[in-house]
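Between the sequences and the hints, there should be enough to build the whole structure, so can you do that?
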Amino acid sequence: MAEHLIETRNLYRKFGSDETEVTALDHVSITIEQGEFTAIIGPSGSGKTTLLHLIGGLDEPDGGDVLLDGANIAEMSGNELSDFRRDHIGFIFQAYNLIPVLSAEENIEYIMLLQGRPAAERKARVRDMLHTVGLDGLGERRPAQLSGGQQQRVAVARAMASNPQIILADEPTANLDSHTGISLLETMRELNQSLNMTFVFSTHDEKIMERATRLIHLTDGHVEKDERK
Amino acid sequence: MLTLTIAFRNIFRQRRRSLLTGLSMCGGYILFVLSTSLLEGSYGNVIDIFTLDHVGHIQIHQDDYLDRPKIYKTIKDQAAVRAVLEAHEDVTGYAPRVYSPALAYAGDKTYPARVIGIDTALEPTVSRIRQKVTEGEFFSASPDADGYYTAMIGRGLAISLELSLGDEIVLISQGADGSIANDIYLVGGVIGNRTSFDRMAVYLPLPAAQQFLALGTDVHEYALLVDDRNDNRDIASVLAAALPDLTVSPWQEVESTFYRTMQSDKQGNHFMMGIVVFIVFIGVLNTVLMSVLERTREFGVLRAIGCRPGRLVQLVLLETLLLASFSIGIGILLVTPAVIWLTEVGFQIPEPIDMSGVMFQHMKGELNAYVYLMPMGFIFATAALISLPPGFRAARILPRDALGSH
Ligand SMILES: Nc1ncnc2c1ncn2[C@@H]1O[C@H](COP(=O)(O)OP(=O)(O)OP(=O)(O)O)[C@@H](O)[C@H]1O
Ligand SMILES: [Mg+2]
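Heads up: the protein sequence lines correspond to chains W and G, in order.
Position 145 of the first sequence, counted from 1, bears residue number 158 in this note's numbering, the numbering being contiguous throughout.
Position 119 of the second sequence, counted from 1, bears residue number 216 in this note's numbering, the numbering being contiguous throughout.
Calculated directly from the structure, the hints in this document are not laboratory data.
Since the structure is predicted, the reported quantities are computational estimates derived from the model, not experimental observations.
Incorrect hints may have been included.
Covered by chain W, per the in silico footprint, the following chain G stretches (three or more residues, Cβ under 8 Å) [as the list claims (entries may be wrong)]:
#	segment
1	103 to 116
2	399 to 406
Every beta carbon over 10 Å from chain G, so not counted as near; a handful from chain W, in silico [stated by the list, open to error]:
#	residue
3	G76
4	N92
5	K220
All C-beta atoms in this analysis are idealised placements derived from N, C-alpha and C, irrespective of residue type, glycine included.
If you want it as structure tokens, here you go:
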């Protein structure tokens, strides 16, 4: 049986206890294949962020498993999971993705430094990545000197820099105006197509969902609809 | 190294906070350096007074004379000893001595006394005996016309035996050959005061003492001074190698009780100072913890992109240590003029302290590497220690909590 790039089995996550208990994810089982451009959509509180965090190993489920390329992340130690994230997963969050004291270049370079890649290779790849996300010439700016859209592009570049298999993005366009948001998404889509890189992102935005090749609808923590286009 | 860059820039990110934290580290360092300098200075003073009074920096004996003094344990081949001492360029002076317990009579009074035979020419190059003569004058080596040798006696003995200058004092003891030793001497000088270590001593010129104790030309001890007393242990071992048949002891061994007391007193002072600095650092701990909590989201991002928890501990540690380095650097610049002043000029203390008859009233500092390095090591160690709780706090930040919308 061919392994899926991402597989969740009966993923269950609750928060709080007794009266305040909320079931954020209710036995979610999905599979995502290499090269898919998947949007996770649903109303606020439906569990999108929770699902992305569990897939990325940023949170632990109360039940069920996450398998990435066949490996169960629950079986990894803390450091193994850190290293796994570093080498296989790129993250983009809604905002404040970047280390404020580092320039755009340094933010992108840092993850490669964690991977122990040689300096020359890092520098070249930083230049490459900045070009890919359309930020030529802005590498030396600090995050505070960049617009929200530019910051998110740096975040995309950083997520790509480590050459991961999967990029997880939690509402990457939510803080951007719709034009900037669409242009960011188009960049992501191009990378997805040219490099066959797998993207999983959440969004509220209709215009953004349209561009996904797959839509997973979440309601109250369970998958309501799963459509491939 | 980008982690260092991050740490470095984080310090400049919160200028005011870093400045305040840095100031308290700097203040702690300056305080510690000054107190160490003064402490070293005053111990140096006490050691000087102590060693220059009589002990010297190094002593040489036969066998275990130091632990079990016996009149027959004498240094015989003095020419060899003197040749070695003369050849060593750091030895600035040496003096031979003989010792014996005795009974001292004057009129109808008797007191136990300690006979110390000293070389009238060499002894003043090693000890301050000449300056300690409070009555009469420093004696000469030869007997007077009637064949009487002059003795100098301790202030305590002078009072107990009601002796004054020119009086006769009779000493009774046992000679090295087992014979009864007794002789009459004239009091030519009084030494020190009632608290001096030699308050019950009778100083005799070396030939007189050797004759009295039937020692021939043998002596019990050579005491010597060296150029820099901090080198005395090294010099002692060099001399010991050159004089294999004798026992060479640095003053720390000769006066081991005093030395141990001094060391533990020193440790006590450092401990007190350490506590003061540690209290200063509790404030630093609070600031570091705050800066970590404020950056929860940032640490969450770092965890998410694959920083191991240990690296976050390292980052917090690095930030604190960097700030400590800056603070110490500035501290060194600020404190050095003060240390130089303490060392060169010093200040008067209101109550003079009496050290075996030598008064000292002037506090001085000491300037050496230890004065700077010991507090530096302590500050770094404390800074590292207090960064651990915030560091572990940072490492424990859960990406979910830091990054979620809740
Ligand atoms: N740390 C938490 N503590 C308590 N409850 C939580 C926590 N995180 C999520 N929840 C709850 O879990 C449910 C799912 O939350 P989640 O953030 O995954 O939703 P979402 O789909 O991302 O919503 P949004 O569109 O607003 O970002 C919600 O009911 C939320 O209140
Ligand atoms: Mg969300």
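Verification of the supplied hints:
no.: 1; hint: 103 to 116; in the structure: holds (count 4)
no.: 2; hint: 399 to 406; in the structure: holds (count 8)
no.: 3; hint: G76; in the structure: 16 Å, holds
no.: 4; hint: N92; in the structure: 5 Å, violated
no.: 5; hint: K220; in the structure: 21 Å, holds
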